[in-house]
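So the protein sequences, as listed, match chains A and B.
Residue 82 in this note's numbering is what sits at position 82 of the first sequence, and the numbering runs on without skipping anything.
Residue 443 in this note's numbering is what sits at position 443 of the second sequence, and the numbering runs on without skipping anything.
Any given hint could be a false lead.
What the hints assert, rightly or not - Each pair of labels, with its calculated beta carbon distance range:
#1 B/T606 / A/A79: 29 to 39 angstroms
#2 B/I628 / A/M75: 22 to 32 angstroms
#3 A/Y15 / B/I628: 17 to 27 angstroms
#4 B/Q605 / A/S21: 44 to 54 angstroms
#5 A/A79 / B/I628: 31 to 41 angstroms
#6 B/I628 / A/L13: 12 to 22 angstroms
#7 A/N63 / B/N627: 20 to 30 angstroms
#8 A/L13 / B/G598: 44 to 54 angstroms
#9 A/K108 / B/H161: 24 to 34 angstroms
#10 A/S98 / B/I628: 39 to 49 angstroms
#11 B/N608 / A/I69: 37 to 47 angstroms
#12 B/S581 / A/S98: 54 to 64 angstroms
#13 B/N627 / A/I74: 19 to 29 angstroms
#14 B/N627 / A/V39: 29 to 39 angstroms
Calculated directly from the structure, the hints in this document are not laboratory data.
Glycine is no exception: its CB is placed at the ideal position from the N, C-alpha and C atoms.
One letter stands for each residue in the lines below.
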Amino acid sequence: MENSIAQLQVIPLQYYILFCSALFSIGVIGVLAKRNALVIFMSVELMLNSANLLLAAFSAYRNDPAGQIFVFFIMVVAAAEVAIGLALLVVVYRSTHSIDIYKLDRLKW
Amino acid sequence: MQLISILLLVFPLLGFLTIGLFQRQMNRQLSGILASGVIFINLVLSSFLFRYITTSHQVLEVSLFDWIKFADISIPFALTIDRLSALMLMIVNGVGLLIHVYSIGYMKYDESVNRFFAYLNLFILFMLILVLGSDYLMLFIGWEGVGLSSYLLIGFWYKDHANNNAAKKAFIMNRIGDLGFLLGIFLLFSTFKTLSISEIAEIASLMPSGNITLTIITLFLFVGAMGKSAQIPLFTWLPDAMAGPTPVSALIHAATMVTAGIYLIARSGVLFVLSPLTMNIILVVGAVTALVGGLIAIYQNDIKKILAYSTVSQLGFLFMALGLGSFSGAMFHLTTHAFFKALLFLAAGSVIHALSGEQDIRKMGGLRSKIPFTFALMVVGTIAISGIPPFAGFFSKEVILTAAYEHGMAMGVFATFVSLLTTIYMFRLLFVVFFKPASKDFKPAHSVHESPKVMLYPMAILAILSIVAGFVQLPKLFSETQGFDNFLTPVFAKANGLQTVSEHALSVQTEWLILLIPMFIIALLVFYSYNRFVNSKELTPATGIQKVLADKFYFDDIYDFLIVKPIGFLSDFFRQTVDQSIINGFVNAVGNGTLFVGKRLRLLQTGNVGFYLVIMVFCVIAILFFNIIL
Numbered sequence: 001m002e003n004s005i006a007q008l009q010v011i012p013l014q015y016y017i018l019f020c021s022a023l024f025s026i027g028v029i030g031v032l033a034k035r036n037a038l039v040i041f042m043s044v045e046l047m048l049n050s051a052n053l054l055l056a057a058f059s060a061y062r063n064d065p066a067g068q069i070f071v072f073f074i075m076v077v078a079a080a081e082v083a084i085g086l087a088l089l090v091v092v093y094r095s096t097h098s099i100d101i102y103k104l105d106r107l108k109w
Numbered sequence: 001m002q003l004i005s006i007l008l009l010v011f012p013l014l015g016f017l018t019i020g021l022f023q024r025q026m027n028r029q030l031s032g033i034l035a036s037g038v039i040f041i042n043l044v045l046s047s048f049l050f051r052y053i054t055t056s057h058q059v060l061e062v063s064l065f066d067w068i069k070f071a072d073i074s075i076p077f078a079l080t081i082d083r084l085s086a087l088m089l090m091i092v093n094g095v096g097l098l099i100h101v102y103s104i105g106y107m108k109y110d111e112s113v114n115r116f117f118a119y120l121n122l123f124i125l126f127m128l129i130l131v132l133g134s135d136y137l138m139l140f141i142g143w144e145g146v147g148l149s150s151y152l153l154i155g156f157w158y159k160d161h162a163n164n165n166a167a168k169k170a171f172i173m174n175r176i177g178d179l180g181f182l183l184g185i186f187l188l189f190s191t192f193k194t195l196s197i198s199e200i201a202e203i204a205s206l207m208p209s210g211n212i213t214l215t216i217i218t219l220f221l222f223v224g225a226m227g228k229s230a231q232i233p234l235f236t237w238l239p240d241a242m243a244g245p246t247p248v249s250a251l252i253h254a255a256t257m258v259t260a261g262i263y264l265i266a267r268s269g270v271l272f273v274l275s276p277l278t279m280n281i282i283l284v285v286g287a288v289t290a291l292v293g294g295l296i297a298i299y300q301n302d303i304k305k306i307l308a309y310s311t312v313s314q315l316g317f318l319f320m321a322l323g324l325g326s327f328s329g330a331m332f333h334l335t336t337h338a339f340f341k342a343l344l345f346l347a348a349g350s351v352i353h354a355l356s357g358e359q360d361i362r363k364m365g366g367l368r369s370k371i372p373f374t375f376a377l378m379v380v381g382t383i384a385i386s387g388i389p390p391f392a393g394f395f396s397k398e399v400i401l402t403a404a405y406e407h408g409m410a411m412g413v414f415a416t417f418v419s420l421l422t423t424i425y426m427f428r429l430l431f432v433v434f435f436k437p438a439s440k441d442f443k444p445a446h447s448v449h450e451s452p453k454v455m456l457y458p459m460a461i462l463a464i465l466s467i468v469a470g471f472v473q474l475p476k477l478f479s480e481t482q483g484f485d486n487f488l489t490p491v492f493a494k495a496n497g498l499q500t501v502s503e504h505a506l507s508v509q510t511e512w513l514i515l516l517i518p519m520f521i522i523a524l525l526v527f528y529s530y531n532r533f534v535n536s537k538e539l540t541p542a543t544g545i546q547k548v549l550a551d552k553f554y555f556d557d558i559y560d561f562l563i564v565k566p567i568g569f570l571s572d573f574f575r576q577t578v579d580q581s582i583i584n585g586f587v588n589a590v591g592n593g594t595l596f597v598g599k600r601l602r603l604l605q606t607g608n609v610g611f612y613l614v615i616m617v618f619c620v621i622a623i624l625f626f627n628i629i630l
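Using the sequences provided together with the hints, build the complete structure.
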């Protein structure tokens with residue numbers, strides 16, 4: 001454990017932050033730009049995981065295990081969210097024969 | 001004795017509840033008998049109390065329970081029976097009983113006769129509370145209660161809108177007076193820290209005469225009395241109150257309720273005696289009312305209106321007596337007035353009954369032979385009220401006139417003049433209704449018929465009382481013992497002791513003169529009225545000053561112009577402009593604005609998921625920036 005922490009700290013913290021920000025931004029752009037609901041889901045997962053990574057990094061650098069516990073919780077929540085989200089997508093696909101979110105525009109004024 | 005005084009209140013309450021709650025189920029004959037029976041029991045009880053109070057020379061205090069009690073305020077629900085309330089008990093229950101019995105006949109064919117008797121019993125209940133209450137708050141309950149019963153009974157025939165208006169008018173004008181009374185009570189409490197009448201009299205008797213607080217209190221109380229007892233400027237409700245059934249006019253608006261103001265002032269005699277200013281105002285108001293009421297009565301054509309203005313005038317006369325400090329004189333005249341005015345009203349009711357509801361005296365005439373008993377009773381009443389000896393009115397008026405002459409010659413002459421007005425309007429009424437040849441253009445629905453015995457007997461009893469009641473106290477000329485004065489001496493002793501009037505006793509010659517000259521003038525007036533009203537075929541339309549009198553000095557029109565119209569205008573303004581435009585406009589604008597904004601804002605709900613996502617992301621970023629900046 002001590003060993004792995006030391007290995008983690010070999011890479012400076014700024015790198016982690018930059019990498020995670022990039023990952024998060026890719027996720028955001030994916031959410032904004034894509035019409036395929038499945039890809040949007042994947043982008044959301046990307047954002048969640050970038051946050052997880054950052055939490056783990058901070059946890060390692062501050063010697064505080066709380067961040068890692070958070071990561072586990074987020075992973076559990078994300079798993080549940082994916083299960084529900086995919087179920088929703090299946091239902092949407094059955095009714096519209098498409099998972100293009102731009103076709104889901106019946107709920108308006 | 002304690003129990004009896006409580007039962008006095010219980011019986012009318014029971015009568016009211018029984019008849020009132022079961023009015024739909026109850027037999028029409030039964031309700032009248034029940035109501036009268038209740039009052040009869042009350043009269044018997046009152047007689048016991050009266051005897052007890054008179055023989056035992058003490059005041060009966062009955063405390064039922066603590067009514068209001070917190071901090072240093074303690075107002076018990078208590079009754080006091082002294083000689084004054086005992087006297088009022090006899091009047092209220094006695095006259096009340098006779099009028100209840102009379103109503104059985106008068107209201108026989110009315111469809112809601114049960115409701116009528118329920119209200120009458122309610123009235124008696126509140127009148128007794130008013131008379132028996134031992135503090136001002138109790139008095140106020142009774143005061144409001146009789147006002148309520150009066151309202152209900154004036155508007156008894158509520159299907160005719162004019163009656164409702166008359167009822168409302170009476171209620172609202174009384175409300176003005178009641179406000180004064182209420183303010184007076186507040187002031188009394190803040191000054192004396194108690195509302196008990198006897199305690200207040202005790203404390204006040206030590207205060208200096210002309211004390212400012214006392215003056216203000218008494219003025220407020222007098223405003224209350226003005227409303228209830230129909231004094232100028234609050235008298236216009238009383239003539240309108242004649243819209244109610246005639247027994248009501250007799251009981252409430254002639255004999256009992258309207259004398260509540262006199263009772264109030266006599267009760268608080270000590271306070272009033274210590275406020276010479278108020279006494280003078282009472283004297284002036286009473287004098288003006290007596291004069292105006294009497295003058296108007298001469299030119300009225302409605303038989304009940306004549307009697308109503310006569311009541312106004314007599315009440316003014318009573319206030320004059322109070323203003324002169326002659327409390328027992330006022331009470332004496334109040335008593336006899338209750339008898340003969342009730343008699344006159346009942347006789348008038350009998351005339352109206354005989355003519356199937358006709359009230360205009362111009363259409364009457366020649367009734368002497370058709371309804372002889374009513375005629376005889378009316379004659380007794382007329383003689384009694386005109387102050388012709390040896391009927392009751394003579395003796396009681398004499399007491400007041402003597403007090404007026406002792407006050408000053410001008411006052412005396414004025415009082416005599418006012419009392420002579422009575423002769424004119426009463427004999428006019430008598431001659432036009434009974435002597436004048438029957439008017440041709442009037443055909444009653446049924447043939448003219450004498451009233452049934454159930455109506456005649458109560459009137460006969462009242463007539464006997466109107467004849468003999470005066471002998472309780474003969475004028476000072478004839479008798480040394482002043483029976484009525486002595487009877488009430490314990491009640492008014494304190495007030496009379498405080499009076500500082502420099503009364504110069506009248507010489508025997510003057511007393512004879514003030515006794516005989518009015519008699520002579522009355523004889524002349526009767527003779528004049530006979531010629532004037534019996535022989536003329538039709539009553540000529542009023543002209544000039546007569547028209548002013550016939551139109552009641554335009555009091556109603558002035559009030560209409562000064563108060564009713566502006567308030568109506570203001571109400572219209574508030575309803576149409578303020579309520580409809582401003583308040584309603586504001587509320588509508590809020591609604592419309594919300595709708596408008598909603599209409600615009602809902603366009604944001606495009607239903608496009610991608611759009612929502614963009615907005616969400618931008619908002620998150622915006623919040624982030626906000627947090628950084630702030």
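Each hint tested on the structure:
1. One distance hint, 29 to 39 angstroms for the beta-carbon pair B/T606 and A/A79, holds here, with the actual separation near 32 angstroms.
2. Between B/I628 and A/M75 the beta carbon distance is about 29 angstroms. The supplied range of 22 to 32 angstroms therefore holds.
3. Separation of A/Y15 from B/I628 is about 23 angstroms and conforms to the stated range, judged on CB atoms against 17 to 27 angstroms.
4. A beta carbon spacing of about 33 angstroms between B/Q605 and A/S21 contradicts the range 44 to 54 angstroms that was offered as a hint.
5. At about 32 angstroms, the beta-carbon gap between A/A79 and B/I628 stays in the expected band of 31 to 41 angstroms.
6. Distance hint for B/I628 and A/L13: a CB-CB separation of about 20 angstroms, consistent with the stated range 12 to 22 angstroms.
7. At roughly 27 angstroms, the beta carbons of A/N63 and B/N627 sit within the given window of 20 to 30 angstroms.
8. Here the CB-CB span from A/L13 to B/G598 is close to 50 angstroms, well matched to the stated 44 to 54 angstroms.
9. At about 59 angstroms, the CB distance of A/K108 to B/H161 disagrees with the hint of 24 to 34 angstroms.
10. For A/S98 and B/I628, the Cβ-Cβ distance of about 40 angstroms falls inside the hinted range of 39 to 49 angstroms, so the restraint holds.
11. Under the hint 37 to 47 angstroms, the C-beta atoms of B/N608 and A/I69, about 39 angstroms apart, fit the expected range.
12. A hinted range of 54 to 64 angstroms holds for the C-beta pair B/S581 and A/S98, which are about 57 angstroms apart.
13. The hinted range of 19 to 29 angstroms is satisfied by B/N627 and A/I74, whose Cβ atoms lie roughly 21 angstroms apart.
14. Distance hint check for B/N627 and A/V39: the Cβ-Cβ separation is about 30 angstroms, which falls inside the suggested range of 29 to 39 angstroms.
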